[in-house]
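**Q** The lines below spell out each chain.
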Amino acid sequence: MEYAPHTDEDMARMLAALGLSHTDELFDQVPEGVRALDDLGLADGLAEAEVLDRLRTLAGRNVTVDTAVCFLGGGAYDHYQPAVVAAVVGRGEFATAYTPYQPELSQGNLQALFEFQTLVSELLGLPIANSSLYDGASAVVEGVVLCAAATGRSRLVVAGTLDPRYRQMLDTYAPALGLTQVSLPPGPQGGLPLDAVHAAARDAAVVVVGHPNVAGLLEDIPGLATVAHEQGARLLVAFDPLLAGVLEPPGRLGADVVTADGLSAGNTLAFGGPGCGLLACRDDDVRRLPGRLVGQTVDIDGRRGYVLTLQAREQHIRREKATSNICTNQALNALATAVYFAWLGPQGLAELGQHCLAGAAYAAHQLVAAGVEIAWPAAARGKELALRVADPWALAATLAERGYLVGPVVRVADEDLLLVAVSEQRTRDQIDGLADAVRVSLRQQRPAVAAGRRA
Amino acid sequence: MTTDEPLLFERSRPGRRAYSLRATGIPSAGVVEGIPVALRTSRPPALPEMSERDLVSHYTRLAHRNFSIDEGFYPLGSCTMKY
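Protein sequences appear in the order of chains C and F. The first sequence runs 187 to 641 under the working numbering. The second sequence runs 674 to 756 under the working numbering.
Note that these hints are calculated values from the structure, not bench results. In this text, all values refer to a predicted model and were calculated from it rather than measured experimentally. Each residue gets a CB set at the ideal place from its N, CA and C atoms; glycine is no exception. Heads up, some of the hints might be wrong.
[Claimed, not checked] Computed Cβ-Cβ distance ranges for the label pairs, DEER-style: (1) C:Pro460 - F:Gly745: 23 to 29 Å; (2) C:Arg504 - F:Leu680: 34 to 40 Å; (3) C:Gly364 - F:Pro687: 50 to 56 Å; (4) F:Ser693 - C:Tyr287: 37 to 43 Å; (5) F:Ser693 - C:His551: 52 to 58 Å; (6) F:Gly745 - C:Arg247: 26 to 32 Å; (7) F:Gly745 - C:Val216: 44 to 50 Å; (8) F:Gly703 - C:Asp615: 19 to 25 Å; (9) C:Ala576 - F:Arg734: 55 to 61 Å.
Same shape as in the complex, but just chain C (with noise of 0.2 Å):
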């Protein structure tokens, strides 16, 4: 693409509007000792086919989820994204629109953020939801700081078990913000012990979990409501909304607020983003929500319209006053979000969370039965295992040799566990085939023990 298209024509009619004569005297107030040298040092640009070319040439040196068969966890999955989706954010009138504070000329974009919050709401079980944040992990600090301000309060009690890039995010903001943490182990069964949170939920502001946690595993979330609720705390539920059609939304578990990503859900998994971070909250907190709010009202004509609402809680509002500073969302990312929830549909959803469960009770059993240890085995779990073995690290580097990718490996209570996860997308054969391979790899790990049998 030419980004300069001006022709010498354009330019000279611009001048002259000017009365310049010149382009170098739009420079003029620039000092002379600090103008930039005529030559840069850059090569000459390339054409459009040459960049395909060069860019073809690095992304053939990619592993990608077309190339090896992915079994990576930890809040980037191989989800099936549909062609539908692509077909509709890559349109220009949704691709280039820019941000709606004319909402005359946005009603596409309003109408269509709106249905994603309608979505969120029911995916993650409150009331309100915002038009989206930036992910997953800036959705819980913007959660915590939403229970902070509700209960005047700045102790966090955060789950050991939290995603570990949610818990280095909120060690970023809680000093800044004034708000001290204590971190809870897993108790025997994987899950936050009862007991423990309501001890450490005094004066605290909220607790915060992830469902399923990082190992995988669903915790008591109407037990921890009501433990965290005894002590005046709120419960915070960082959620996985692509198993909203198998477990109950954890705002209707008694959840105060829930967070969620979807980086997974509709959007590509390129690098690890962009997605967009999802919040759902109760009606009485709607005035301490960040992020955008698309709301809906009428235009003079008495016609349904759409419009960002509620504002003065951070866009137009003295700095000091603001509630939080967020002022923008992932809007075509949340757009792609909620066209894949409408393709999957409730019955899409439930079964694409059958699938999941079944898939990774089948690749537990089978991991088991190939000599690895499983964290916790007889807890309930949703799509993702965690492995206990000697070097996890070094299984995983085997496992990638032979096509097969695991991980990452999450440091979980003094522990390296190495994560798979297994989506709807992964077939037995598959599983089977990542048994074989953990099999293999694990005996060739013991050479002094192959030795021993073949003697």
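Mind docking chain F on chain C? Use the hints.
**A** Quick look at chain F alone, frame taken from chain C:
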């Protein structure tokens, strides 16, 4: 800008579907029974039921209600400069 387009939920019709999922070869009937009762879904999620044809027409009509840079010039500040 063209005429009003109903919401996704207003275009939903019971039984319409767009999705298809690959056959995994792993039976999944009854797998929900492995989830503790208190955590199991209590009802199907209230997502719209639409065919892919419905989805495409819905979002195409919404696109027609959106001005964009592909269509014309936006004389706005910092975001225009970044673009």
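**Q** Each hint needs a verdict: does it hold in this structure or not?
**A** Verification of the hints:
1. C:Pro460 - F:Gly745: 23 to 29 Å: Because 26 Å falls inside the window, the suggested range holds.
2. C:Arg504 - F:Leu680: 34 to 40 Å: holds, 35 Å
3. C:Gly364 - F:Pro687: 50 to 56 Å: At roughly 51 Å between Cβ atoms, Pro687 of chain F and Gly364 of chain C fall inside 50 to 56 Å, so the hint holds.
4. F:Ser693 - C:Tyr287: 37 to 43 Å: Holds, since Ser693 of chain F and Tyr287 of chain C (Cβ atoms, about 39 Å apart) stay within the stated range.
5. F:Ser693 - C:His551: 52 to 58 Å: violated, 27 Å
6. F:Gly745 - C:Arg247: 26 to 32 Å: violated, 40 Å
7. F:Gly745 - C:Val216: 44 to 50 Å: Distance hint for Gly745 of chain F, Val216 of chain C is violated at roughly 32 Å.
8. F:Gly703 - C:Asp615: 19 to 25 Å: holds, 22 Å
9. C:Ala576 - F:Arg734: 55 to 61 Å: holds, 58 Å
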